[in-house]
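Taken in sequence, the protein lines are chains A and B.
Counting along the first sequence from 1, when you hit position 162 you're at 476 in the working numbering, and nothing is skipped either side.
Counting along the second sequence from 1, when you hit position 207 you're at 701 in the working numbering, and nothing is skipped either side.
No lab work stands behind these hints: they were computed from the structure.
Among the clues, some could well be false.
Unchecked claim - Listed next, the in silico DSSO-like pairs over lysine-lysine satisfying Cα-Cα at most 30 Å (straight line):
| # | chain 1 | residue 1 | chain 2 | residue 2 |
| --- | --- | --- | --- | --- |
| 1 | A | Lys-469 | B | Lys-617 |
| 2 | A | Lys-467 | B | Lys-617 |
| 3 | B | Lys-696 | B | Lys-736 |
| 4 | A | Lys-463 | B | Lys-696 |
| 5 | B | Lys-600 | B | Lys-696 |
Here the structure is a predicted model, which is why all the values come from computation and not from measurement.
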Amino acid sequence: MSTKTPAEINFELSCPTPLPAKDTILLGHGSGGKLSAELIRDIFLPAFQNPVLARLDDQAIVNVNGQRLAITTDSFVVKPLFFPGGNIGSLAVHGTVNDLAMGGATPLFLSAAFIIEEGFSMDELRRVVNSLRQAAAEAGVQVVTGDTKVVEKGKGDGLFINTTGIGLVPEGVDLSADRARPGDKVLLSGSIGDHGIAILAQREGLEFETQIQSDSAALHTLVAEMLGVTREIRCMRDPTRGGVSSTLNEIAERSRVGIELEESSLPIHEEVRGACELLGLDPLYVANEGKLIAIVAPEAAHAVLQAIRRNPLGAEARIIGTVNKENPGLVTMRTPFGTTRIVDMLAGDQLPRIC
Amino acid sequence: MKYLDEYRDHRIARALAAEIVQLTTRPWVLMEICGGQTHTIMRYGIDELLPRGIELVHGPGCPVCVTPLETVDKAIALALHPEVILVSYGDMLRVPGSHSDLFRAKAQGADVRIAYSPTEAVKIARSNPDRKVVFLAIGFETTAPANAMAAWQARREGLTNFSMLVSHVLVPPAIRALMVSGNNRVQGFIAPGHVCTVMGCKEYESLVRDFRVPIVVGGFEPVDILEAVLMLVRQLEAGEAKLENQYVRSVSYQGNISAQQIMAEVFEVADQKWRGIGLIPQSGLRLREEYAAFDASRVFDLGEMTVDEPAECISAQVLQGLKKPTDCPAFGMRCTPENPLGAPMVSTEGACAAYYHYRRHAVAK
């Protein structure tokens with residue numbers, strides 16, 4: 315995932331001074347922002363180089379006997395394990411199902427691996443597994459294989475879950491982050507920041523009272539409905555870690571285009587706005603687990619928007635911006651004041667471990 | 495949101511901007527003291543709404559930016575003690591010390607925790623009696639009362655495992671230092687609304703009188719800033735120098751008396767070093783003698799540290815309003831929020847970070 319800004323690229327051309335050595339992993343490397351992108355670019359991509367991986371989408375799409383198979387994997391380390399609107403079990407289904415759905419795939423099968431810390435409550439494990447089972451049933455996917463490991467007390471943090479998902483991509487569907495073109499519209503399926511704030515409100519030391527629920531949900535049905543309307547959807551992403559800003563920055567970078575958002579069109583719940591105001595956070599960087607961003611050809615944008623809004627998960631959908639050819643690789647935002655500012659990728663870690 | 499949306503209303507903002515344009519007959523250099531105000535200016539592009547002649551320069555009011563390098567180094571050294579839990583406001587974690595930062599210390603195994611309130615640190619101390627909890631108490635008059643409250647509470651409870659590494663700074667002495675420095679360009683100040691919520695407007699009267707400089711206490715939303723600029727321009731154009739309060743919904747003349755009392759009970763005024771600027775007499779707070787047992791610099795043997803800033807960083811000039819972040823050759827090149835050379839690139843309130851986050855595109859063109 316290359317996330318260089320033009321300014322940084324200039325730096326490499328004009329100045330040979332190396333950046334300070336990075337010798338340890340920091341929490342920010344897992345934030346989904348710039349440090350994560352650097353880690354992927356510097357360590358993982360060179361090691362596993364291949365054309366499928368190089369697409370850097372949320373899922374890999376491979377050809378097997380004429381079928382296009384989508385594969386994805388995701389690890390869940392959310393803390394706390396239980397939060398308003400879900401728990402690590404339901405999240406482990408939704409997260410992986412959504413990564414398949416963003417490639418247009420119909421999710422079919424999941425694996426589930428549990429890394430459990432010695433001393434973990436059996437009752438809590440049951441609740442998590444039950445919720446995972448229920449979420450899978452609702453999404454119409456089967457958990458067909460799994461693994462269990464127990465680590466010594468103090469060597470884990472209660473419970474980590476990894477899920478891998480497999481699905482099939484229907485013919486004629488081709489969604490990828492490098493397909494955005496100037497003039498395309500940016501669609502967002504609903505309010506932002508709900509998941510991150512719901513989690514944050516539960517954190518030790520930060521408890522505040524709120525009615526905000528995580529938006530954690532499986533989006534593949536919504537995606538199928540959107541693709542039923544048109545195939546003029548270029549790309550879809552679910553703005554999880556790093557929020558809407560990081561997702562759009564990735565798309566801008568991969569497609570070598572600029573994206574301009576309209577600040578007044580961003581759907582943000584009043585309570586999320588209030589919590590962000592209080593905690594000094596920007597909702598554009600806060601995680602979502604049941605929202606998608608679609609880049610759609612301008613002529614199809616309205617029809618797709620209507621399709622999203624017909625689904626209960628997309629009732630608050632909006633067109634939030636337009637793809638342009640100015641400032642390739644940069645996301646900007648038009649403020650209500652008529653001025654423009656950059657919407658940067660998250661540099662460090664805004665909220666650690668939210669998914 | 496009440497008290498927020500109306501201060502972000504673009505119609506009101508544009509009307510104020512139009513009035514400023516109409517009123518301005520010559521160039522004026524104004525300084526907003528607080529980093530929160532700088533952030534708003536960059537985020538909403540307030541400077542783009544102003545007439546060309548009005549120059550906004552950014553003041554030293556970013557608490558993270560002016561915390562001395564030595565304090566950061568001491569905090570890192572403390573955090574690496576195995577028995578210590580270091581509690582800090584989140585922004586301090588990424589501030590580079592001379593060799594490391596608190597995030598890196600955390601990655602090395604240090605127990606570093608983020609709190610939104612210093613009383614959280616007291617709570618942590620209470621529930622971890624076998625550990626030593628150190629709170630990194632930094633900031634302006636805004637955070638001082640809550641930090642004082644933490645020490646007061648710890649003393650009342652007789653906690654023996656709680657202490658604070660204090661680096662507190664005060665605004666009025668900094669304005670005075672700017673005014674007496676030979677190269678000052680500032681003709682009017684927007685004083686920091688939150689600091690004044692605690693301390694009141696009264697502290698700024700002598701500055702207005704001594705230097706015949708207009709000061710307007712201002713808020714943090716776009717409409718607040720534009721209104722404060724309008725009030726300053728109106729005074730300057732009329733040849734006046736008065737203390738005015740734009741942020742009346744929060745600031746009174748006397749300020750918050752109970753907050754001032756707890757500050758006075760726990761802290762005393764002392765000379766203070768400001769990162770990038772140097773020592774300013776009587777510009778900081780330290781714990782009083784009665785609170786020595788809660789002073790981390792006395793509880794722990796930290797030795798004297800003196801360290802030099804990276805030579806390339808021009809934060810000194812930036813924090814004094816002499817240069818804009820974009821005047822720095824390292825800006826956006828060798829100095830970015832991921833690899834900051836100096837503190838103003840780190841904090842969300844830092845002037846360099848505000849320019850980098852919101853304006854890079856305009857600079858590159």
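Next on the checklist: Name the hints, by number, that the structure is in violation of.
Outcome noted: Of the numbered hints, 4 and 5 do not hold.
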